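Let's have the full structure, built from the sequences with the hints guiding it.
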Amino acid sequence: DAKTTQPTSMDCAEGRAANLPCNHSTISGNEYVYWYRQIHSQGPQYIIHGLKNNETNEMASLIITEDRKSSTLILPHATLRDTAVYYCIVSPQGAQKLVFGQGTRLTINP
Amino acid sequence: NAGVTQTPKFQVLKTGQSMTLQCAQDMNHNSMYWYRQDPGMGLRLIYYSASEGTTDKGEVPNGYNVSRLNKREFSLRLESAAPSQTSVYFCASYSQGTGNTIYFGEGSWLTVV
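Protein chains in written order, with this note's numbering: chain A, 1 to 110; chain B, 111 to 223.
Calculated from the structure, these hints are not laboratory results. Keep in mind that the hints are not guaranteed to be accurate.
To be verified - So the derived label-pair ranges between C-beta atoms look like this:
# : chain 1 : residue 1 : chain 2 : residue 2 : range
1 : A       : Gly29     : B       : Gln206    : 40 to 46 Å
2 : B       : Asn138    : A       : Gly101    : 28 to 34 Å
3 : B       : Val223    : A       : Asn57     : 39 to 45 Å
Everything numeric in this text was worked out from a predicted model, so none of it was measured. From the three backbone atoms N, C-alpha and C, an ideal C-beta is built for every residue, glycine too.
If you want it as structure tokens, here you go:
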């Protein structure tokens, strides 16, 4: 599975858009980009995933560059409850192994 | 995290003791996983089971054994616990038909003294 690189930590003001970058320069053609988050010590929660096209759901938007070597997760109006560790993962669809990296610790400030 | 249940939630063991962490899912998922998470670290895959009757090693399998008892249940056993196994353990399940979403349990906090 391709490795990802994320900033260790980020801060964002409440109500603003939080943009979390992820580099995955060795991604292969059949690998998807997945985002999960982990609040406190809870189990990780699925956010969104995509292959080539930008994706949006009720939680977030995912912007994938045309060369697919990087992506950005966007939380449009961050709230204090969005404070969490965010994991970017690349893996083939249906892959049996999902390998988590260190993630980005996002802190939303009032 | 409804659908994936782990027991126990908290456990303290003495070095050398054995124990089994239980995990069950009621979503009819094919794949199940055990991860561990040390303080301030990301999740590391211990073992996974792609389907009933099969198991495979993940990143950090040493010191652990697993059993996929049936489609619902996937247990993790520590035969001789060591302080290095002090961690939070997460069970997860997945099936391709679920939109590629992995569902996690609430976690089991294990301390080995």
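Here is how each hint holds up against the structure:
1. A:Gly29 <-> B:Gln206: 40 to 46 Å: At 18 Å between Cβs, range violated.
2. B:Asn138 <-> A:Gly101: 28 to 34 Å: holds, 30 Å
3. B:Val223 <-> A:Asn57: 39 to 45 Å: For asparagine 57 of chain A against valine 223 of chain B, whose Cβ atoms are near 44 Å apart, the range 39 to 45 Å holds.
In this structure, the one hint that does not hold is number 1.
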